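Chain by chain, the residues run as shown.
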Amino acid sequence: MNASTIAAGTELPTLSTGRITRHRVARYAHGSGDLNPIHVDSDYARGQAGLPDVIVHGMYSMGMLSRLLTQWAGPGSVRSIETRFAAMLPVKASLHCEGVIEAVEATEGGSLVTVKLAATQADGSAVAAGSAQVFVAAGR
Amino acid sequence: MDRSAHVGHMWPPFEVTVERGAAVAFARGLDETDPVHLDAQAARAAGWRDVLTLPTFPIAISTERVDLIYDMLKRLAIDPARILHANQRFVHHQPICVGDRLVGTKRIGVITDRKGGALTFIDTVIDYRNAQGELVCEDHCCLVARNT
Numbered sequence: 003m004n005a006s007t008i009a010a011g012t013e014l015p016t017l018s019t020g021r022i023t024r025h026r027v028a029r030y031a032h033g034s035g036d037l038n039p040i041h042v043d044s045d046y047a048r049g050q051a052g053l054p055d056v057i058v059h060g061m062y063s064m065g066m067l068s069r070l071l072t073q074w075a076g077p078g079s080v081r082s083i084e085t086r087f088a089a090m091l092p093v094k095a096s097l098h099c100e101g102v103i104e105a106v107e108a109t110e111g112g113s114l115v116t117v118k119l120a121a122t123q124a125d126g127s128a129v130a131a132g133s134a135q136v137f138v139a140a141g142r
Numbered sequence: 264m265d266r267s268a269h270v271g272h273m274w275p276p277f278e279v280t281v282e283r284g285a286a287v288a289f290a291r292g293l294d295e296t297d298p299v300h301l302d303a304q305a306a307r308a309a310g311w312r313d314v315l316t317l318p319t320f321p322i323a324i325s326t327e328r329v330d331l332i333y334d335m336l337k338r339l340a341i342d343p344a345r346i347l348h349a350n351q352r353f354v355h356h357q358p359i360c361v362g363d364r365l366v367g368t369k370r371i372g373v374i375t376d377r378k379g380g381a382l383t384f385i386d387t388v389i390d391y392r393n394a395q396g397e398l399v400c401e402d403h404c405c406l407v408a409r410n411t
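For the record, the sequence lines run as chains A and B.
Going by the working numbering, the letters in the first sequence line up with residues 3 to 142, in that order.
Going by the working numbering, the letters in the second sequence line up with residues 264 to 411, in that order.
One chain only, chain A, in its complex shape:
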């Protein structure tokens, strides 16, 4: 990336998960320690929770939005990230993550870039939305 690509309105390279299988949900449950049965037990999801099936963790969507940022600005670049959880994401759906630069502020050694974030299903329906501040070192 160069300075000209860091400007308000610029879209970050997108990140799409592809189909989020039960196995991927289980791996995130393991990694995050969140073993809430609504994410890992279909019988519970259908019975007690009244859902068609298990749902993907909201924090999985936030995690993917954070990866959208680090694949662009590099590891350790995220200064803050905020996400509102808009809707449940069913297992076997896919997630599409997008970011648009809202503001750029010069800071010591680089730029502090404010990015607007959105995570949607394949049909465009909102799953999560938010914003982040990312440090981009000069010359990266």
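These are computed hints drawn from the structure, not numbers from a lab.
Some hints here could point you the wrong way.
Coverage of chain A stretches by chain B, computed from C-beta distances (three or more under 8 Å per stretch; other residues unrestricted) [said to hold, decoys possible]: (1) 22-33; (2) 56-65; (3) 77-86.
Computed from a predicted structure; not experimentally measured.
Virtual Cβ for every residue (Gly too), placed ideally from N, Cα, C.
Got chain A; can you put chain B on it based on the hints?
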């Protein structure tokens, strides 16, 4: 129900050591491929003191202390089954790497009733500090309780 008396409640600080297995399993759970998040040697070669955790890794720390969430819901007389995660924010002041020893302090921030009391939003904050007492990360979590 007036829950304002609980605003500002603070739990005793808890210590946490960032474990390698936990940090790597979290990264793998998000299909992370950058070796600085997976391998100590690669992380050191890139200038980090050890494997660098992902930006949302502190959620794994707070999940480990789910007892604090249950204690809070008990204090607020809220059924855990009525709770949804509404909003999450992390503010990173310093990187968190494997081997780091942090002290977390959790408190109840704001409690807001909306929709005529049908919904209660509960903001909690966990501050993580290092051995020098410097602020490393803030975890701002907003849960919403459906009261009807």
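Of the hints stated earlier, which fail here? Failing hints: none at all.
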